[in-house]
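Undergrad: Going down the list, the sequences are from chains A and B. Under my numbering, residues 3 to 176 are what the first sequence spells out, in order. Under my numbering, residues 3 to 176 are what the second sequence spells out, in order.
No wet-lab data here; the hints were simulated from the structure.
In this list, chains with the same sequence are indistinguishable; a pair is considered to hold if it fits within one copy or across any two.
Subject to a maximum C-alpha distance of 27 Å in a straight line, what follows is the list of computed DSSO-like cross-link-like pairs (lysine-lysine):
| # | residue 1 | residue 2 |
| --- | --- | --- |
| 1 | 50 | 81 |
| 2 | 50 | 147 |
| 3 | 163 | 81 |
2 protein chains.
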Amino acid sequence: MKRVVVSLVAVATIAGILAAMASASGPAAGDAASIFVTEIPTGYRDWKLVSVAHEEGNLHSFAAVLGNDAAIEAYRGAKLPFPDGTIIAALHYRHLPSEENNRVFGRDQSFVPGPQTNVQFMVKDSTKYASTGGWGFGHFNPDGKPGDEAFMMTCFPCHEKAKANDLVFTRYAR
Amino acid sequence: MKRVVVSLVAVATIAGILAAMASASGPAAGDAASIFVTEIPTGYRDWKLVSVAHEEGNLHSFAAVLGNDAAIEAYRGAKLPFPDGTIIAALHYRHLPSEENNRVFGRDQSFVPGPQTNVQFMVKDSTKYASTGGWGFGHFNPDGKPGDEAFMMTCFPCHEKAKANDLVFTRYAR
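Chain A extracted, bound-state conformation (with noise of 0.2 Å):
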């Protein structure tokens, strides 16, 4: 598997230049610093209430998704695509039982957010990351570090499942 991507890295570099300007159907990985969300966006933990989501699997994940104004006043339109300058925020921790609150309802019923795992970025650039369906994706951990190539390669091709609601899962929490 590793070495797949190492191929596919190898290959797009050599494409990248080419691709760079291309409205392509997958991420010009040679292109990196472009494609993927290298900074965290300032002020995100202000920003309004998208909803709530919780992932099982090997995730045991609770995130609180959040907007920039463009992203809520999107989602209160009902408008699709989302507009340039969208930002979502999806905060993600640990799904884990609160025994506190166990203790108070008398039987094991309750979970909380435990410690914040990573946070996760959706910016809407139709230019800048038009290799991507118009979405530049980015992952931090909780140190401030982005995940790694590899890693972030992984975003779009799952998100672009979500093509008819222009590659977001989350919907508005009304």
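Starting from the known structure of chain A, arrange chain B on it as the hints suggest.
TA: Leaving out everything else, chain B in the frame of chain A:
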């Protein structure tokens, strides 16, 4: 059980006149208009995120907890007790599997908020709500109707168990 509640209400109605101004250890049900939050605070859907919550048991509830500026400032500064003017909102939804997301992931792992079940508020006013630890409790169904008095009488005795945290269960998600 219902008879017990009715009796409590009857006793409290008589006691209410005397108890209304007192800082008692329980709510004075006869003065219901002042001990519960009777109107939905405006603009709460735009407030900043405190955290997310998930309750199983009989609830199957998925929540986003938001706070007004006073709440967020107190949370971030880890200042207890919360100051007068604090409002904390809990937006509750059904905790439901997402068939749409599970199809993409190829297995059952994804949960999303279903229909809204209610929205609840804690409003800090140490004078107005002196008899319930300085907090007014509010519960509103999706149609905007408040919870009935018997139901509302259950808020304070449970929240009182979180005395070490000024009656607030939800911690700030950093």
